[in-house]
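**Q** All chains, please: the whole structure from these sequences, using the hints.
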Amino acid sequence: MELTKNGAILTKTLNSGVKNLHKCPVCGEQIKLSVKNETLDSFKLNDRDLFPHINIHGNPQHAILCYIDKDRRVRSLTSVQSVEII
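Following the numbering used here from start to finish, the sequence shown increments by one per residue and tops out at 86.
Check the hints yourself; a few may be wrong.
To be verified - As a list, the in silico EDC-like pairs of lysine to aspartate or glutamate whose alpha-carbon atoms are at most 20 angstroms apart: (1) LYS32 to ASP71; (2) LYS70 to GLU29; (3) LYS36 to ASP71; (4) LYS70 to ASP49; (5) LYS32 to ASP69; (6) LYS36 to ASP49; (7) LYS70 to ASP41; (8) LYS19 to ASP71; (9) LYS36 to GLU84; (10) LYS19 to GLU38; (11) LYS44 to GLU84; (12) LYS44 to GLU29.
Hints listed in this document are in silico derivations from the structure and should not be mistaken for laboratory results.
**A** The following block contains the structure:
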């Protein structure tokens, strides 16, 4: 298990997949991101690929969009304030 701290971001990479705790830049809520290994494995990530993951939360709804690399690490994180679910 790897545990690093970078500002307000706490990152854990576990054998069970990706588990991360991030502070939402829109609402300030601590958001737990979780992606199972089976989900990541199904995308056959190579060295250049990033897996996009969205966590929708809050009222009004908004989202955190993160990109996960083949080593199960979050490489980028941004907020999405306009969310439409059809």
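**Q** Taking the hints in turn, state whether each one holds.
**A** How the hints compare with the structure:
At roughly 19 angstroms between alpha-carbon atoms, LYS32 and ASP71 fall within 20 angstroms of each other, so this suggested pair holds. Of the supplied pair hints, the one linking LYS70 and GLU29 is violated, its CA atoms being roughly 27 angstroms apart against a limit of 20 angstroms. Of the supplied pair hints, the one linking LYS36 and ASP71 holds, its CA atoms being roughly 13 angstroms apart against a limit of 20 angstroms. Between LYS70 and ASP49 the CA atoms are separated by roughly 7 angstroms; this keeps the pair inside 20 angstroms, and the hint holds.
Among the hinted pairs, LYS32 with ASP69 is consistent with the structure: their alpha-carbon atoms are about 18 angstroms apart, no more than 20 angstroms. As the CA atoms of LYS36 and ASP49 are separated by approximately 17 angstroms, the hinted pair is consistent with the 20 angstroms bound. Distance check on the hinted pair: LYS70 and ASP41 sit about 9 angstroms apart at the alpha-carbon level, within 20 angstroms; holds. Between the alpha carbons of LYS19 and ASP71 the distance comes to roughly 13 angstroms, so the proposed pair stays at or under 20 angstroms and holds.
Simply put, LYS36 and GLU84 have alpha-carbon atoms about 25 angstroms apart, too far for the 20 angstroms limit, and the pair is violated. Taking the CA atoms of LYS19 and GLU38, the gap is near 14 angstroms; set against the 20 angstroms cutoff, the hint holds. For the hint linking LYS44 to GLU84, the alpha-carbon distance of about 28 angstroms lies beyond 20 angstroms, and the restraint is violated. At most 20 angstroms may separate the alpha-carbon atoms for a hinted pair to count; LYS44 and GLU29 exceed this at roughly 32 angstroms.
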